[in-house]
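K.L.:
Residue numbers (this note's numbering), protein chains in the order written: chain A, 111 to 550; chain B, 474 to 735.
Among the hints, erroneous ones may be present.
Covered stretches of chain A (chain B as the covering partner; in silico rule of three or more C-beta atoms under 8 Å from a C-beta of chain B) [to be verified]:
(1) 173-182
(2) 327-335
(3) 357-371
(4) 482-494
Here are some of the chain B residues that sit facing chain A, going by a computed Cβ distance under 10 Å [unchecked claim]:
(5) D504
(6) S509
(7) L528
(8) K540
(9) R541
(10) F548
(11) T554
(12) E584
(13) L585
(14) K671
(15) I680
Cβ pair distances, simulated, as ranges [as the list claims (entries may be wrong)]:
(16) A/N529 - B/P583: 25 to 31 Å
(17) B/E643 - A/V236: 44 to 50 Å
(18) B/S490 - A/A462: 56 to 62 Å
(19) B/P583 - A/I189: 52 to 58 Å
(20) B/E651 - A/K361: 23 to 29 Å
The set of hints was computed from the structure by calculation and includes no laboratory data.
For every residue, glycine included, the Cβ atom is placed at its ideal position computed from N, Cα and C.
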Amino acid sequence: MHVLAQIVFIILLSIAGAGIYLSISRIRKNILLGRDEDRSDNKIARIKKMLLMALGQKKMFKKPLPAILHFFVYAGFLIVNVEMIEIALDGILGTHRLFAPYLGSLYPVVINVFEFLALTVIIACVVFLIRRNIVHVKRFSGVEMAKWPSLDANLILGMEILLMIAFLKMNAMDQVLQDMGSGHYTATGPFYISSALKGFYSSYSESFLIFAERACWWFHIIGVMFFANYVFYNSKHLHIFMAFINTYYAKLTPAGKLNNMPEVTKEVKLMLNLPVEETAADGAPARFGAKDVRDLTWKNLLDSYSCTECGRCTQQCPANITGKKLSPRKIMMDTRDRLEEVGKNIKQHGDAYDDGKSLLGDYISEEELLACTTCNACVEACPVMIDPVSIIVQLRRFKLMEESQAPASWNSMLSNIENNMAPWKFSPADRFNWADKLKG
Amino acid sequence: MEYNVPTVAELKAQGKSPEIVFWVGCAGSFDERVKSVTVAFVKILNHLNVNFAVLGTEEACTGDPAKRAGNEFMFQMQAMTNIEVLNGYGIQKIVTACPHCFNTLKNEYPELGGKYEVIHHSQLLQQFIDEGKIKMTEGGEFKGKKITYHDSCYLGRANNIYEAPRKVLEVLDADLVEMKRCKTTGLCCGAGGAQMFKEPEKGNKDINIERTEEALQTGAKIIAAACPFCMTMLSDGVKNKEQEHNVKVYDLAELIVQSQRL
Numbered sequence: 111m112h113v114l115a116q117i118v119f120i121i122l123l124s125i126a127g128a129g130i131y132l133s134i135s136r137i138r139k140n141i142l143l144g145r146d147e148d149r150s151d152n153k154i155a156r157i158k159k160m161l162l163m164a165l166g167q168k169k170m171f172k173k174p175l176p177a178i179l180h181f182f183v184y185a186g187f188l189i190v191n192v193e194m195i196e197i198a199l200d201g202i203l204g205t206h207r208l209f210a211p212y213l214g215s216l217y218p219v220v221i222n223v224f225e226f227l228a229l230t231v232i233i234a235c236v237v238f239l240i241r242r243n244i245v246h247v248k249r250f251s252g253v254e255m256a257k258w259p260s261l262d263a264n265l266i267l268g269m270e271i272l273l274m275i276a277f278l279k280m281n282a283m284d285q286v287l288q289d290m291g292s293g294h295y296t297a298t299g300p301f302y303i304s305s306a307l308k309g310f311y312s313s314y315s316e317s318f319l320i321f322a323e324r325a326c327w328w329f330h331i332i333g334v335m336f337f338a339n340y341v342f343y344n345s346k347h348l349h350i351f352m353a354f355i356n357t358y359y360a361k362l363t364p365a366g367k368l369n370n371m372p373e374v375t376k377e378v379k380l381m382l383n384l385p386v387e388e389t390a391a392d393g394a395p396a397r398f399g400a401k402d403v404r405d406l407t408w409k410n411l412l413d414s415y416s417c418t419e420c421g422r423c424t425q426q427c428p429a430n431i432t433g434k435k436l437s438p439r440k441i442m443m444d445t446r447d448r449l450e451e452v453g454k455n456i457k458q459h460g461d462a463y464d465d466g467k468s469l470l471g472d473y474i475s476e477e478e479l480l481a482c483t484t485c486n487a488c489v490e491a492c493p494v495m496i497d498p499v500s501i502i503v504q505l506r507r508f509k510l511m512e513e514s515q516a517p518a519s520w521n522s523m524l525s526n527i528e529n530n531m532a533p534w535k536f537s538p539a540d541r542f543n544w545a546d547k548l549k550g
Numbered sequence: 474m475e476y477n478v479p480t481v482a483e484l485k486a487q488g489k490s491p492e493i494v495f496w497v498g499c500a501g502s503f504d505e506r507v508k509s510v511t512v513a514f515v516k517i518l519n520h521l522n523v524n525f526a527v528l529g530t531e532e533a534c535t536g537d538p539a540k541r542a543g544n545e546f547m548f549q550m551q552a553m554t555n556i557e558v559l560n561g562y563g564i565q566k567i568v569t570a571c572p573h574c575f576n577t578l579k580n581e582y583p584e585l586g587g588k589y590e591v592i593h594h595s596q597l598l599q600q601f602i603d604e605g606k607i608k609m610t611e612g613g614e615f616k617g618k619k620i621t622y623h624d625s626c627y628l629g630r631a632n633n634i635y636e637a638p639r640k641v642l643e644v645l646d647a648d649l650v651e652m653k654r655c656k657t658t659g660l661c662c663g664a665g666g667a668q669m670f671k672e673p674e675k676g677n678k679d680i681n682i683e684r685t686e687e688a689l690q691t692g693a694k695i696i697a698a699a700c701p702f703c704m705t706m707l708s709d710g711v712k713n714k715e716q717e718h719n720v721k722v723y724d725l726a727e728l729i730v731q732s733q734r735l
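Chain A on its own, in the form it takes in the complex (with noise of 0.2 Å):
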């Protein structure tokens, strides 16, 4: 039976590790199709940035309640894991418990640490979800929050509560079988926070509780296996491992500045009869800006996967603030979900296929992009460094440059600057004349 149970396991075990090794291979995937953009330099700056923002959610404490009840599902998230190695191992070798011996005094001292985490998981996760589904917390909502991602939201808390449930349970039945004197429920001392739950179980049937004991741990260890697959199958979740690559890879220039095109750099040079450097973007690329996915960097389609779309960007949004189109999550959403369609459709029909469809246009609208002041509101919003503006700004490149299409008063804008070198119109023998008025 034993060993029926150990097989079971490694069988599960490797079904789920394939199921996490196939889809982090398609999100690898699928952000390398974008452009090229060397972000490997200064390592240590970004191994620093890395730290501060991801490991210490710096960002995160702008808003201290949501910090701190964040801070404990992320806490019990990393530390309760480590109880993993061990029912991961003890489902392997059959074993139970299987540190309790070499931990010895230090066992009781470590269950309960992950006990007491595991508790405030509990309490953050019900939090929050009062906070979406009764308090309806403004940022929570919104055109893009539409079912599939106020759902996902939902069963990732309601997962979490039920893994944690489990393994409380799992502890309070092992107590009692412990109290007993039962089999291999070797004395391990008390685990104070299940030890409230004894109560419940302390009529029941010796044979009764292991069995249900193994049901917790078996419902638990599936749980973990079901819930990592489904974080990185298609979830907003995944932040909780992107979060640390994104922070690395995140720009590390001022906000302000916007990239130089170099293959505009290069035909402005000839235009203007200036040397040009032989290295400088050789090789045209296939058009200017934006119209799809593939024409954004890695680094924007990271960004897309690292977003959990938890609404600070929008909250902060003046555009959106305002009542316009525009929301900075939904343009990340957009294009997570445009990549995702790219992926399926490369996979199914081969990578020259064309499905008609385009992220700007079929999934964000030319009054959105429009809306946008480049104030980095946004930018400085988000704990995990998305940057939107650079997505914007490039399909806004996209719709001037090939497709000629801007509001009126930015044609004017432009030809004023053309022409008079200032958006207004005024000649450009004039531009020193406000020293008249130091004169009089």
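Guided by the hints, dock chain B onto chain A, whose structure is given.
P.N.:
Leaving out everything else, chain B in the frame of chain A:
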């Protein structure tokens, strides 16, 4: 006082070169309201005998609105033309009162061959204060008056300059009050990203109105700005709220000129 605004070309003809170029910007050159800011800043520079010059008619739009609207060609044409002029004169250091010019010159020109030390006028004013060249006017006309400072996105979030403008306001001996959304969470005036040059998209409110309401809520009679576009947007907002007789929008340089009676 005799005011002196040399151009870089004039200095060159005399075999001289300025320590720092004052980049006036298009708004500072052409916009009636913003021209007063330009004049105020020149008064300060003259008063402190700063060896500066302007480019005069040789200056051209940095290309910021073109770039942010999406026309990278036009931006780079402007940038390269300006860089040719600046490099031709061997310019090392630039100060500007426009955060958009500041951001573009400082962050986007270097890759295109324009490498200068670029500072915003709030930073230069702070330097004057630190050096004791501009001193606090105790009991001056601003004493005890409420002033609120509106963060320009292109100074603040874009370039992390939050303290210099506030330090400048401190010498007024005024009562500096912050809006609810300030510094890193400061609300945009609505003009950035080339919005200055088009009508806003459809919504339920204009951004400058939202921001002006917030500024008025502080009870301040003076809204301090450090950006020509913010100044236009907030002045329009104050007019829209019919508060133009009670509440004034001033640039930092204008406030220094008033308090120092230059």
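K.L.:
Now tell me, hint by hint, if it's right for this structure.
P.N.:
For each hint, the structure was consulted:
1. Closer than 8 Å: that is the beta-carbon criterion, and the stretch 173-182 of chain A has 0 residues meeting it against chain B, so the requirement of 3 is violated.
2. A count of 0 residues in the stretch 327-335 of chain A with a Cβ less than 8 Å from any Cβ of chain B is obtained; the coverage claim is therefore unmet, three being the minimum.
3. Remark: the stretch 357-371 of chain A is confirmed as covered by chain B, as 8 of its residues place a Cβ nearer than 8 Å to a Cβ of that chain, reaching the required three.
4. Beta-carbon proximity to chain B at under 8 Å applies to 9 residues in the stretch 482-494 of chain A; the threshold of 3 is reached and the given coverage holds.
5. At a threshold of 10 Å, the smallest CB-CB gap from B/D504 to chain A is about 8 Å, leaving the interface hint in force.
6. Annotation: interface hint on B/S509 holds; nearest CB of chain A at approximately 8 Å, less than 10 Å.
7. At a threshold of 10 Å, the smallest CB-CB gap from B/L528 to chain A is about 9 Å, leaving the interface hint in force.
8. Because the closest C-beta pair between B/K540 and chain A is about 6 Å apart, less than 10 Å, the hint holds.
9. Against a cut-off of 10 Å between C-beta atoms, the interface hint on B/R541 holds, since the closest Cβ of chain A lies about 5 Å away.
10. With a least beta-carbon distance of about 8 Å to chain A, the hint placing B/F548 at the interface is held under the 10 Å criterion.
11. The beta carbon of B/T554 is positioned within 10 Å of a beta carbon in chain A (closest approach about 7 Å), and the interface hint is therefore held.
12. Taking 10 Å as the C-beta contact cut-off toward chain A, the hint placing B/E584 at the interface holds, the least distance being around 5 Å.
13. Against a cut-off of 10 Å between C-beta atoms, the interface hint on B/L585 holds, since the closest Cβ of chain A lies about 6 Å away.
14. With a cut of 10 Å, the hint placing B/K671 at the interface with chain A holds, because the nearest CB-to-CB distance is about 4 Å.
15. Taking 10 Å as the C-beta contact cut-off toward chain A, the hint placing B/I680 at the interface holds, the least distance being around 5 Å.
16. Between A/N529 and B/P583 the beta carbon distance is about 28 Å. The supplied range of 25 to 31 Å therefore holds.
17. Between B/E643 and A/V236 the beta carbon distance is about 47 Å. The supplied range of 44 to 50 Å therefore holds.
18. For B/S490 paired with A/A462, a C-beta distance near 58 Å keeps the hint of 56 to 62 Å intact.
19. In this structure the supplied range 52 to 58 Å is violated for B/P583 paired with A/I189, their Cβ-Cβ distance being about 45 Å.
20. At about 28 Å, the beta-carbon gap between B/E651 and A/K361 stays in the expected band of 23 to 29 Å.
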